[in-house]
Every structure is written in C-alpha cells, then in structure tokens.
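Novice: If you want the building blocks of each chain, they are given just below.
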Amino acid sequence: MSTAIKETQKMIEEVLSAYPEKAKKNRAKHLAANDPTGQCSTCQVKSNIKSRPGVMTVRGCAYAGAKGVVWGPVKDQITISHGPVGCGQYSWWSRRNYYNGQTGIDTFGTMHITTDFQEKDIVYGGDKNLDAALHELKELFPLAKSMGILSECPVGLIGDDIEAVSKKAEKEFAIPIVPVRCEGFRGVSQSLGHHIANDTIRDHILGKGQLDKSTPYDVALIGDYNIGGDAWASRKMLEELGLRVIAQWTGDASINEMGIAHKAKVNLVHCYRSMNYICRHMEEQYGIPWTEFNFFGPTKIYLSLRKIASYFDDSIKENAEKMIEKYKPMMDAVVEEFKPGLEGKRVMLYVGGLRPRHTIGAYEDLGMEVVASGYEFGHSDDYKRTYPEMKEGAVIMDDATLYELEEFTRRLSPDMVGSGIKEKYSYHKLGVPFRQMHSWDYSGPYHGFDGFPVFARDMDMTVNSPTWGLIRRKR
Amino acid sequence: MKIKDHNELFQEQEYVEQFERKKEFENCPSAEEVRRVSEWTRTEEYRELNFKRQHIKINPAKACQPLGAVFCASGFEGTLPFVQGAQGCVAYFRSHLSRHFKEPMTAVSTSMTEDAAVFGGLNNMLEGLENAYTLYHPKMLAVCTTCMAEVIGDDLNAYIRTARGKGVIPQDLPVPFAHTPSFVGSNITGYDNMMKGILTAVTAGGKGEPNGKINIIPGFDTYTGNYRELKRLLDIMEVKHTVLADVSDIYDSPNSGEYKLYPGGTPLADAADSINALATIALQKYSTLKTLDYISNEWSQPVSALPPIGIKNTDSFLEEISKITCKPLPQEIESERGRAVDAMIDSHPYVHGKRFALVGDPDLLLGLISFLMEMGGLPVHIVCTNCDKKFREDAEAILSESPFGREGKVYINKDMWHLRSLMFTDQIDFLIGNSYAKLLWRDTGTPLIRIGFPLFDRHHLHRYPIIGYQGALNLVSVIVNTVLDEMDRKTMNTTSFDVIR
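Keeping their order, the protein sequence lines are chains C and L. The numbering used here numbers the first residue of the first sequence as 1 and each following residue consecutively. The numbering used here numbers the first residue of the second sequence as 476 and each following residue consecutively.
It should be emphasised that the hints constitute simulated quantities derived from the structure, not laboratory data. Treat the numbers as computed from the prediction; the structure is a model and nothing was measured. Keep in mind that a hint or two might mislead.
Said to hold, decoys possible - Listed below are the simulated EDC-like cross-link pairs for lysine to aspartate or glutamate, each with C-alpha atoms no more than 20 Å apart in a straight line: (1) C:K429 to L:D727; (2) L:K884 to L:D904; (3) C:K339 to C:E364; (4) L:K527 to C:D131; (5) L:K479 to C:D458; (6) L:K760 to L:E795; (7) L:K479 to C:E336; (8) L:K479 to C:D460; (9) C:K171 to C:E139; (10) L:K477 to C:D332; (11) C:K474 to L:E733; (12) C:K138 to C:E163; (13) L:K498 to C:D218; (14) C:K24 to C:E407.
Said to hold, decoys possible - Incomplete in silico selection of chain L near chain C, CB under 8 Å: (15) I478; (16) D480; (17) H481; (18) N525; (19) K532; (20) P535; (21) A592; (22) C622; (23) S728; (24) S731.
For glycine and all other residues, C-beta sits at the position ideal for the given N, C-alpha and C.
With the sequences and hints as input, model every part of the structure.
Specialist: In structure tokens, the structure reads:
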C-alpha cells in the first residue's frame with residue numbers, strides 16, 4: 001500500500017473518531033483513500049445504503065429523484081405532487097430544467113401543482129380527491145399531454161390506490177396518466193426515485209409516441225436534464241456530428257419524445273445513474289445499444305465525440321474529426337485564458353450521481369486537481385468509474401455528512417469546493433471558494449463546446465474573486 | 476474573452492433554429508392553438524372555471540408545518556432542529572431556507588425508511604439523538620415531525636423519554652418537541668407548535684420572581700432586518716426584552732472566515748426566564764395562536780398580537796410597550812416616525828389611487844393592507860393560501876376602516892393561479908408577493924414588488940426591515956421606486972420621460 005493511501009486512511013480515521021461507535025463503524029465503509037487501479041480491497045467504498053439517523057446527510061428522497069430529477073422536466077406533462085404541500089413547494093422551479101413553451105398553457109415545468117393533502121385525506125384516503133383533481137386539471141389545461149401523479153410519503157402509508165384512479169382517468173381523458181410510487185420513505189436516497197420513474201416511463205409512455213420516419217442517424221439523448229441549457233448545447237453538437245436527436249430525456253422533453261426513444265439507433269447516456277435502467281430495458285426489449293459519454297471539458301468531449309461516432313458510418317467519424325479540428329482552437333483559447341489563474345488549484349467535489357466523476361476532466365483541462373470527490377447517491381458502478389479518474393490517495397466519500405465535509409475541508413484545504421445549496425453558505429463562511437455543481441450557481445450551460453467557456457469563466461470567478469480576500473479572520 | 480452563457484446563448488440564431496427543428500419530435504400543439512388557449516385562460520369564463528376548483532392547488536403560497544418548526548427552533552441558542560421522519564424533507568427545508576437567506580441552515584433527520592414505516596421510528600430516533608448530540612454538540616435538540624412519522628403515529632414524548640432512560644442523551648439536555656404534520660395547517664402552524672413546545676420545555680418549573688422584561692415573539696418572520704430593528708427600538712426605549720426565536724444572527728451571520736453551527740439565537744437562560752416576564756407581545760397573530768393561548772393560560776401573562784407594519788400599526792405596538800413598561804416614547808423614535816411620515820407624504824402622489832394585488836402569509840397581508848391604505852393605495856385582490864375565515868374577517872375589518880379599502884376583496888384558501896385569473900379579469904397596477912409571483916408578472920405584465928417569503932431571485936431584501944418606522948420607510952422606498960421604474964419603462968419613448976419625479 002502506498003504512502004499516499006496510508007496517509008489518507010489515517011486522516012479518515014481521525015475524522016471518524018468523533019462518531020459514536022455504531023455510526024463510526026458504518027461511516028468507515030463509506031470513506032476511502034483512492035486506489036486508481038482498483039486493486040486495494042480497503043479502498044472500495046460501500047454505497048447505496050441507508051444513511052445513519054441524525055448525522056446530517058445531504059441526501060434527499062425518492063420523490064426528489066422521481067419528481068425533481070426525472071419526471072419534473074418533462075414539459076407538456078402536468079406533474080402533480082400528490083400529498084401535502086411541502087414537497088412540491090420546495091422542489092418548485094429550483095432545478096433549472098430549461099424548456100421552450102408557454103408555461104401554464106402548453107407546458108407546465110415551472111409550476112407547482114399539488115393535491116395539498118389535509119387531515120381528512122389521511123383519514124378517508126386521497127383517491128376520491130385525486131380523481132376530482134385530475135378532472136379539474138383536464139378542464140383547466142386542455143393542452144396537457146399527460147399527467148403524472150408523484151406520490152409523497154402519506155400516499156403509500158395510507159394504502160391509496162392511485163393506480164386505479166389513474167387507469168380510470170386515462171380511459172376517460174385518452175392521455176397517459178402515470179402513477180409514480182416515489183414516496184419519500186422508499187429506498188435510501190433520490191436514487192430509487194430515478195429507478196421508479198424509469199419504470200413508469202417504461203410502463204406508461206415508452207413505445208407510444210409518434211415518429212413518422214426513421215434515419216440511420218437517429219439517437220436519443222438520455223440523462224440530460226437541460227440544466228441551464230446543457231442538453232441544448234449537447235444537442236447542437238450531436239446535430240453537427242450529423243446525428244438526428246429524436247428524443248431528449250428529460251430536459252425540455254415532450255411526452256412524444258418520451259414515447260419514441262426506442263426508435264433510436266443508439267441511446268447516448270450522459271447521466272448514467274438516473275437513467276441507466278431504461279437504457280438497459282431498451283437494450284433488452286428493442287436491441288438498442290447504449291453508450292455513456294461525457295461532454296464536460298474538451299478532453300472528454302473529444303473522446304466522447306469519437307466514441308459516439310464509432311457507432312456510425314465513416315461520414316459521422318469524419319464529422320467528429322472535423323468538429324474536433326474546428327473547435328480545438330476555441331477550446332485551447334479558453335484554456336489559455338483561464339488556466340493561468342487556475343493552474344494547480346485543488347478541488348473538492350461532493351455532488352449527486354454523475355458530476356463527481358464527469359467534471360474531473362474539465363477541471364484537469366484547466367490545470368486543476370480534484371483531491372476529493374463523492375456522491376450523494378452513487379452506487380458501486382459509479383465508484384468503479386470514478387477510481388481511475390482520480391489520483392492515488394485522493395479522498396472518496398459516499399453519502400458524506402456536514403461534519404465530514406467540514407473536517408475534510410479543514411484537513412485538505414482545497415482551493416475550491418463544488419457541491420450543493422445546503423453546503424454552499426457554510427463554505428462562504430469558511431472563506432472557501434464555492435460553486436454549486438447541481439444548478440451551476442444559476443449559470444450554465446456547462447456541457448459541450450458552448451458550455452466549457454462558461455464553466456471555465458465560472459471556476460475562475462469562484463477561485464479568484466477578490467471578495468474572499470476581504471474576510472478578516474480572528475488572529 | 477467574450478463568453479456567452481444561457482442568458483445570451485440561446486437567443487442566437489443557430490439555437491433558435493435548433494428549437495424549431497426539435498418541434499418535429501415534440502408533437503406539440505400549433506402556435507394558433509396555443510394562442511387560442513392562452514387567450515381563453517384570460518377570460519371571465521376561465522376565471523369562473525378556475526374558481527370552481529376544489530381539489531387541486533396550483534402555485535400555492537404556503538409551505539408545510541415542519542419548515543416553520545425548524546425555522547423557529549433554529550432561533551434558539553445552540554439548538555439543532557431534529558426532524559423525525561423521512562430524510563428528504565430536511566434536505567428540502569435546508570435548501571429552501573438557504574436559498575432565501577443565502578446562509579447555511581442546519582437540521583438533522585432521522586432518515587426513516589420502509590422498515591420504520593412498519594416497525595415505527597423509535598430506533599431511528601434513538602440513534603439519531605445519539606449521533607446528532609455526539610457530532611454536533613447542541614445545547615438543545617428541538618424535535619418535530621414529517622408527515623411520515625405522523626401517519627404511522629410515532630409518539631415523540633415516549634420516544635424521548637426512552638432515549639433519556641437509555642442514556643442516549645444527557646438527562647438534562649432540553650429536548651422539546653412538537654407534532655407538526657404537514658397535512659395540517661402550514662409553515663405558520665409549525666412555527667406556532669414548535670414555539671409552544673420549546674417554551675413548555677424550557678420554562679418548566681421556572682416560575683419565579685417577575686423579571687421586568689417583555690417577551691417578543693416575531694412569528695414566522697423571514698426578515699432578519701426586522702429582528703434587528705425590533706431590538707434597536709426596544710433598546711432605545713430602554714425596555715428589557717427577550718426576543719423568542721431570535722433568528723437574526725442565525726440567518727445573517729458575519730463572515731469571519733469561520734463556520735459556526737450555532738451563530739446566535741435566543742439564549743436558553745432567557746428563554747427559560749420568559750415565563751417571568753411582564754407580558755408577551757407577538758408581532759404576528761396567526762403564527763402564534765396556540766403559543767399565546769398557552770402563555771395566557773399557563774403563565775397567566777398578558778398577551779397581545781400587534782404587527783408593527785405601517786405607521787398606525789407601529790404606533791399601536793409602541794404604545795402597548797409604553798403602557799406595559801411605563802416608559803415614554805423617546806424623541807429619537809418620535810423623530811423616526813416623523814421622517815417616515817415625511818417620506819410617505821413626499822411619495823404619496825405616485826401611490827395614491829394605485830390598485831394592488833397582494834399574496835402571502837396572513838399576518839404579512841394584514842400589515843401590508845394597512846400600510847398601503849395609509850399611502851392612499853387601494854388593496855384590491857388579497858389572496859391567502861394558508862388562512863381561514865377569521866383571517867378574512869380581520870382583513871375585511873381593516874379594509875372597512877378606510878375609504879381606500881373599498882375595492883378590497885379577500886380570497887382565502889386560494890392560490891396564485893386564482894390570482895392570475897383575477898389579474899386578467901380585473902386588472903391592477905402593482906402586485907406584491909414572493910419570488911414565485913414573478914410568473915404572474917410575466918403573464919400579466921404587472922410589476923412585482925417583492926415582499927414576503929421566499930425571496931430567491933433578489934438579493935438581501937430580507938436584511939432590510941419592513942417593521943417599525945424604519946420599515947415603513949423601506950416599504951415606501953421599494954414601492955414608490957418600483958412605480959417610478961415602471962413609469963420610466965412605459966414612457967421611455969414619450970415626452971413624459973422626466974428626470975425629476
């Protein structure tokens with residue numbers, strides 16, 4: 001075992017020492033020193049396991065994964081938060097899944113629509129009201145293409161039969177009514193919500209869309225939620241590559257696109273964590289291959305363009321080379337502009353299920369090093385994909401707690417941290433430059449050739465803002 | 476290097492064309508049909524249909540009980556809000572409050588999952604208390620619940636007793652609790668329940684000599700500036716006071732390069748001694764109903780609810796303080812009043828006769844109605860999602876006190892989609908609401924004055940008080956300057972584009 005790994009392991013032990021025995025034992029399995037070769041057996045973290053109570057996990061719930069991540073962005077569906085008012089309120093318009101359309105008329109993405117459970121719904125059940133709610137919505141929003149019923153905790157606990165209500169309404173309205181059993185107590189994080197949402201796409205929407213003609217270049221862009229326009233920037237590249245993007249899941253998605261992805265020649269997957277399930281299904285059911293790609297930063301973009309092109313004929317492969325040739329000078333110019341201010345800076349990441357590994361290359365393009373990274377809701381396949389991306393002895397964290405994040409920050413002294421809104425302001429207080437890596441801090445896009453300059457600019461303004469220098473620390 | 480982000484990028488021709496191409500796969504309605512439906516949603520007919528709706532809320536202006544409870548709990552010294560239930564709720568509360576205040580917010584969850592749904596949440600609570608206490612060293616753990624714990628019937632009192640019995644937490648650690656089901660009431664109810672829970676716990680057995688202080692309960696007030704303003708006024712009056720759930724330093728802490736889990740809050744000793752105060756004054760009525768009842772009945776303390784928003788309301792509040800403490804109103808405050816009134820007189824031509832729509836929490840609405848009428852403004856559509864008939868009576872009583880209340884109509888249990896219909900069928904000049912009301916601004920073109928909670932899309936507004944005379948001055952400024960901004964926008968290509976207003 002190398003010194004780097006040993007030193008990190010020692011640091012982890014120190015951090016863990018503050019925990020009570022049982023929690024310490026549990027948390028020890030989720031923190032590790034990185035071994036890029038994957039051979040060191042103690043360097044593998046456990047993941048997708050219940051969070052310990054009371055430790056201040058950063059994680060959310062299945063509803064957040066199903067409503068907030070997968071279904072919420074589908075623009076022409078009315079997504080109903082079925083249950084009490086809070087869940088829909090706190091997830092309202094917060095994820096920046098951009099879409100085109102007229103909100104409230106033909107699209108509904110930035111609206112908060114809820115059955116607003118009251119005590120009587122708990123006592124007598126909410127099915128009757130749900131049925132009435134669907135009718136009211138149908139009348140008020142005649143252009144809605146579908147309605148999704150996203151269950152909150154009480155629905156599953158009181159034994160409501162939302163499937164029966166959905167079935168009845170679907171028959172009556174002749175549009176899909178999708179019951180989604182994503183109660184927040186199910187599973188251990190957002191992750192099960194992704195899976196449940198994938199299953200409902202499979203059961204209620206996939207295969208039912210309309211696509212008049214097919215071409216050999218048809219692809220579906222899967223697992224891109226169009227945060228700050230990411231999917232649009234990616235789509236632009238895929239089109240330039242000569243491909244026809246028949247479906248965009250689920251950023252700026254329409255129900256029709258959700259129904260025709262099975263007609264793609266290849267499914268291109270950006271966020272593997274949240275949408276691998278449906279890709280595997282399409283592979284088994286329709287024989288559609290799928291491939292992961294990474295559009296963060298030029299190095300990974302070039303690799304990904306070639307990888308995607310390899311699924312197609314020479315014309316596409318040539319296009320990939322042409323694109324790389326065309327855009328490389330622009331990317332080099334971005335690097336040249338920002339690298340001097342970022343070179344050698346050390347980054348700590350703690351994000352959801354994709355970015356802890358997918359953004360590493362983009363940081364490295366700017367001369368930065370990711371010294372710690374972790375997932376809120378990654379699984380072992382995510383970590384396996386992460387180890388080789390990071391240096392030996394880097395810290396790997398699974399389901400980190402506020403306490404751990406703070407301790408690792410003190411010990412590693414990163415030059416910047418990328419994480420979420422709950423973490424953001426404690427870092428501001430610490431005087432550690434911070435960027436929200438869920439919402440891009442209201443910036444973006446970060447994907448693709450159009451996204452990288454924005455990413456570089458934003459990391460530069462984060463690390464090099466003069467405001468950090470104004471902080472007067474107690475001596 | 477010129478870098479285009481989403482603000483400019485997607486206006487570019489190649490993206491506009493890309494969006495057009497994408498429509499091939501969207502199977503979207505024709506532009507003509509969208510236009511037709513859009514027009515229809517602005518009609519009286521649609522309004523009628525919309526107001527018939529009983530079973531669904533669309534863009535409601537309320538949050539759930541435990542959000543109010545954790546907010547309240549965080550306002551006490553060294554207190555860690557502790558939420559029994561599924562863990563996503565706490566992630567949401569923390570995000571929501573952090574987005575508004577742009578400050579860290581700490582709270583823990585007991586992360587209950589399927590097995591807890593079957594067997595109950597006792598084990599989660601026991602381990603949660605132990606972990607939270609050991610890791611985060613709170614002086615108090617304030618427990619509330621999510622709907623999951625409520626539906627399965629977790630008994631907080633018994634669980635906490637068990638935890639003490641097992642030695643999971645120290646015997647003397649205060650662990651107040653409140654049941655806060657999100658399917659009852661709203662954020663203001665949760666605030667009330669938690670406040671009552673905390674006061675019950677920390678004052679137990681503490682009845683003693685009167686301490687000569689006044690207790691102030693701000694209520695679900697998300698303006699940190701209000702807390703500071705309140706304390707400033709009371710200090711000027713030399714009134715000894717305890718602000719209960721003083722969140723000002725929690726959600727507006729100085730940056731000293733240090734992250735403190737508990738950067739302030741009402742000292743627990745002061746909270747414990749609140750039972751011995753002269754009187755308790757709440758600055759909101761609907762978020763303190765049960766608490767005031769409790770204080771009145773159990774502590775036999777005089778209580779009142781006096782929201783100091785606007786001139787007359789502030790007068791009443793300060794008069795009450797004077798009356799209780801026998802301290803006269805100092806000249807300094809009298810002068811402040813004079814300056815606020817002077818500003819209102821200076822600005823009145825731009826507000827007089829202007830018609831307003833308002834949406835928000837009930838107590839805020841009551842204060843704003845009163846203030847607008849003092850300026851000669853007309854509150855027209857008053858929409859509240861989390862209120863009852865009593866609120867309507869209160870609001871109507873205030874409206875009836877002034878000729879400027881003549882057009883005011885109060886809509887209870889309604890949401891912002893209802894308000895949209897109202898704004899299309901009976902147009903108003905200005906809208907007052909939280910950040911989400913910007914959807915209404917976009918749809919109707921009515922300028923939005925951001926007052927309320929949450930305020931996500933403008934920075935620092937919550938740091939400026941809206942209570943007291945200073946608050947009245949801030950309200951005048953924000954309202955009149957929005958009116959003037961709008962006037963400039965509307966007249967920029969006309970001769971009316973004046974430099975002096």
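Novice: Give a verdict on every hint.
Specialist: Status of each hint after checking the structure:
Straight-line distance between C-alpha atoms of K429 (chain C) and D727 (chain L) comes to about 11 Å, which keeps the hinted pair within the 20 Å bound. Between the alpha carbons of K884 (chain L) and D904 (chain L) the distance comes to roughly 16 Å, so the proposed pair stays at or under 20 Å and holds. Proposed proximity of K339 (chain C) and E364 (chain C) is supported: the alpha carbons are some 10 Å apart, at most 20 Å. Straight-line distance between C-alpha atoms of K527 (chain L) and D131 (chain C) comes to about 15 Å, which keeps the hinted pair within the 20 Å bound.
With a CA separation close to 12 Å, the supplied pair K479 (chain L) and D458 (chain C) stays within the 20 Å bound. The straight-line distance between the Cα atoms of K760 (chain L) and E795 (chain L) is roughly 15 Å, inside the 20 Å bound, and the hint therefore holds. Only pairs whose Cα atoms come within 20 Å are accepted, and K479 (chain L) paired with E336 (chain C) is accepted, the gap being roughly 17 Å. With a C-alpha separation of about 15 Å, the suggested pairing of K479 (chain L) with D460 (chain C) holds against the 20 Å cut-off.
For the hint pairing K171 (chain C) with E139 (chain C), the CA-to-CA distance comes to about 16 Å; that is within 20 Å, so the pair holds. With a CA separation close to 15 Å, the supplied pair K477 (chain L) and D332 (chain C) stays within the 20 Å bound. Restraint check for K474 (chain C) and E733 (chain L): satisfied, since their Cα atoms lie roughly 9 Å apart, inside the 20 Å limit. Annotation: proposed proximity of K138 (chain C) to E163 (chain C) holds, straight-line Cα distance about 18 Å (limit 20 Å).
A distance of roughly 15 Å separates the Cα atoms of K498 (chain L) and D218 (chain C); the hinted pair therefore holds under the 20 Å criterion. As the CA atoms of K24 (chain C) and E407 (chain C) are separated by approximately 15 Å, the hinted pair is consistent with the 20 Å bound. The beta carbon of I478 (chain L) is positioned within 8 Å of a beta carbon in chain C (closest approach about 5 Å), and the interface hint is therefore held. Interface hint at D480 (chain L): satisfied, since its Cβ lies 5 Å from the closest Cβ of chain C, which is below the 8 Å cut-off.
For H481 (chain L), the interface hint holds, the least distance from its beta-carbon to any beta-carbon of chain C being 5 Å, beneath 8 Å. Because the beta carbon of N525 (chain L) sits about 6 Å from the nearest beta carbon in chain C, less than 8 Å, this interface hint is met. The beta carbon of K532 (chain L) comes within 4 Å of a beta carbon in chain C, closer than 8 Å, and the hint placing it at the interface holds. Hint status for P535 (chain L) relative to chain C: holds, with the closest Cβ pair at about 6 Å, below 8 Å.
Taken as an interface hint, A592 (chain L) checks out: its beta carbon lies about 6 Å from the nearest beta carbon of chain C, inside 8 Å. Using the Cβ-Cβ criterion of 8 Å, the hint placing C622 (chain L) at the interface with chain C is satisfied: the shortest such distance is roughly 5 Å. Against a cut-off of 8 Å between C-beta atoms, the interface hint on S728 (chain L) holds, since the closest Cβ of chain C lies about 7 Å away. For S731 (chain L), the shortest C-beta to C-beta distance to chain C is roughly 6 Å, which falls under 8 Å, so the interface hint holds.
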